[in-house]
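For this one, chain A is given, so just place chain B on it according to the hints.
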Amino acid sequence: MHQLIVLFTIAISIGAYTFSRFLSKRYPHPLVNVVFLSTALIIMVLLSTGISFRQYQPGLNVMTSLLGPATAALAIPLYRNRKILLNNFIPVALGIVLGATANMTTSILAAKLFGLSKVTVVSLVLKSVTVPIAIDISKILSGDPSLTSAFVIATGILGTVLTPILLNLFKVTNPLARGIAYGTTAHGQGTATALLEGPVQGSMSGVAMGLAAIFTSFLAPLLVSSLVG
Amino acid sequence: MKEDEFMNYWLRVTLQITLLWVIYQLGNILVGIMHLPIPGNVLGMIILFVLLSTRTIPLVWVEESADLLLKHLAFFFIPIAVGLMEWVGLFQTSGLQLLLAISLSATVGILVTGLVVQIFAGIRFVKEEIKCIN
Numbered sequence: 001m002h003q004l005i006v007l008f009t010i011a012i013s014i015g016a017y018t019f020s021r022f023l024s025k026r027y028p029h030p031l032v033n034v035v036f037l038s039t040a041l042i043i044m045v046l047l048s049t050g051i052s053f054r055q056y057q058p059g060l061n062v063m064t065s066l067l068g069p070a071t072a073a074l075a076i077p078l079y080r081n082r083k084i085l086l087n088n089f090i091p092v093a094l095g096i097v098l099g100a101t102a103n104m105t106t107s108i109l110a111a112k113l114f115g116l117s118k119v120t121v122v123s124l125v126l127k128s129v130t131v132p133i134a135i136d137i138s139k140i141l142s143g144d145p146s147l148t149s150a151f152v153i154a155t156g157i158l159g160t161v162l163t164p165i166l167l168n169l170f171k172v173t174n175p176l177a178r179g180i181a182y183g184t185t186a187h188g189q190g191t192a193t194a195l196l197e198g199p200v201q202g203s204m205s206g207v208a209m210g211l212a213a214i215f216t217s218f219l220a221p222l223l224v225s226s227l228v229g
Numbered sequence: 001m002k003e004d005e006f007m008n009y010w011l012r013v014t015l016q017i018t019l020l021w022v023i024y025q026l027g028n029i030l031v032g033i034m035h036l037p038i039p040g041n042v043l044g045m046i047i048l049f050v051l052l053s054t055r056t057i058p059l060v061w062v063e064e065s066a067d068l069l070l071k072h073l074a075f076f077f078i079p080i081a082v083g084l085m086e087w088v089g090l091f092q093t094s095g096l097q098l099l100l101a102i103s104l105s106a107t108v109g110i111l112v113t114g115l116v117v118q119i120f121a122g123i124r125f126v127k128e129e130i131k132c133i134n
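If you're matching them up, the sequences are chains A and B in order. Throughout the first sequence, residue numbering follows the numbering used here, covering 1 to 229 in sequence. Throughout the second sequence, residue numbering follows the numbering used here, covering 1 to 134 in sequence.
Quick caveat, the hints were computed from the structure, so don't treat them as lab data. Hints may contain errors.
As a list, the in silico DSBU-like pairs of lysine-lysine whose alpha-carbon atoms are at most 30 Å apart [unchecked claim]:
no., chain 1, residue 1, chain 2, residue 2
1, A, 139, B, 71
2, A, 112, A, 83
3, A, 83, B, 71
4, A, 83, A, 171
5, A, 139, A, 112
6, A, 118, B, 71
Covered by chain B, per the in silico footprint, the following chain A stretches (three or more residues, Cβ under 8 Å) [stated by the list, open to error]:
no., segment
7, 2 to 8
8, 46 to 56
9, 69 to 77
10, 86 to 94
11, 128 to 135
12, 167 to 180
Where a beta carbon is used, it is the ideal one built from N, C-alpha and C, also for glycine.
Chain A on its own, in the form it takes in the complex (with noise of 0.2 Å):
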């Protein structure tokens, strides 16, 4: 029976990424999100079949084994874009590290104001890490991985709505700080629409993307422990 559970939630899991991934690309919109729409039919089915999650757990670990090596496997992009990288380093660091400080900052002032728990303001600091790299985070700072994953999922989908908006409104029309921009907020989501916009956007978002979870990781301890306390 514990088997035939593990075997069912892989399954309802596999299928649930399939028909969504089939889904968004069919219909291609922000709020048609393969992640978001997966999740929500997974715990549907859950829900209705009386399985919890601890009995969702075994297969959850199974599932995310490959987790590890397709974090490692962020190196590439950054590689296949160092020459880019190199020669724009100067506004590429600067805004990557003024654009994450930004995000934590704000992320914790923003959760203090609204008097949220610690749990949820750690968790809430990473909102703009790619989810990988957060859920570790959140463990070395004692947040919630699955609450983590869902600030993170929820600031993608925000992200990639608001990323054309405002840049477009504040005229910034450098497809370089327009890619910068994608990819620092709004992660692999905004990556994804980054990559329609053209590919100097979209390869840009992906290093963004990268570069800023590095940074991330080192400083988000540090401004947790001065500001949340």
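Same frame as chain A, but now just chain B:
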């Protein structure tokens, strides 16, 4: 794809993923030994970048599996996000505050990043060799 080509592809991908896994574990081990405050996967990513840049590892050794894993990166987040079913109460009591906090913070982050890069790089951008992410 012929049958043996298909087998060869998956054999290569399996070997390449094993190499990526070794690099990832190396990151974990070093973080543990040196008591670094960063996740092992971040250090693994840095190690792989250094190995590629110094030509210790040629790109073709990891390229196919990396492209495959990155193409389906979103799949790995989904089971983790399912953990949200444990947090229904928080979204019922503070959903609006959370939405506001994320929107406000993202707005500042997007504008700071975009404006800073454009101010320092200039409005025009010299087209250079661009390689797509996957």
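Going through the hints against the structure:
For a cut-off of 30 Å, the pair hint linking residue 139/A to residue 71/B stands: about 26 Å separates their Cα positions. Among the hinted pairs, residue 112/A with residue 83/A is inconsistent with the structure: their alpha-carbon atoms are about 41 Å apart, more than 30 Å. Simply put, residue 83/A and residue 71/B have alpha-carbon atoms about 23 Å apart, close enough for the 30 Å limit, and the pair holds. With a C-alpha separation of about 26 Å, the suggested pair residue 83/A and residue 171/A falls inside the 30 Å cut-off, and the hint holds.
Annotation: proposed proximity of residue 139/A to residue 112/A holds, straight-line Cα distance about 20 Å (limit 30 Å). A C-alpha spacing of about 34 Å is found between residue 118/A and residue 71/B, which places the hinted pair above 30 Å, so the restraint is violated. Counting residues of the segment 2 to 8 of chain A whose C-beta sits closer than 8 Å to any C-beta of chain B gives 0, which falls short of three, so the coverage hint is violated. By the rule of at least three residues with a Cβ nearer than 8 Å to a Cβ of chain B, the coverage given for the segment 46 to 56 of chain A holds, with 4 such residues.
Coverage of the segment 69 to 77 of chain A by chain B holds [criterion: at least 3 residues with CB-CB distance below 8 Å; count 9]. Taking a C-beta to C-beta cut-off of 8 Å, the segment 86 to 94 of chain A contributes 6 residues in contact with chain B, enough for the three needed, and the coverage statement holds. Interface restraint, the segment 128 to 135 of chain A with chain B: holds (5 residues with C-beta to C-beta distance below 8 Å; minimum three). With 10 residues having a Cβ less than 8 Å from any Cβ of chain B, the segment 167 to 180 of chain A passes the three-residue criterion, so the hint holds.
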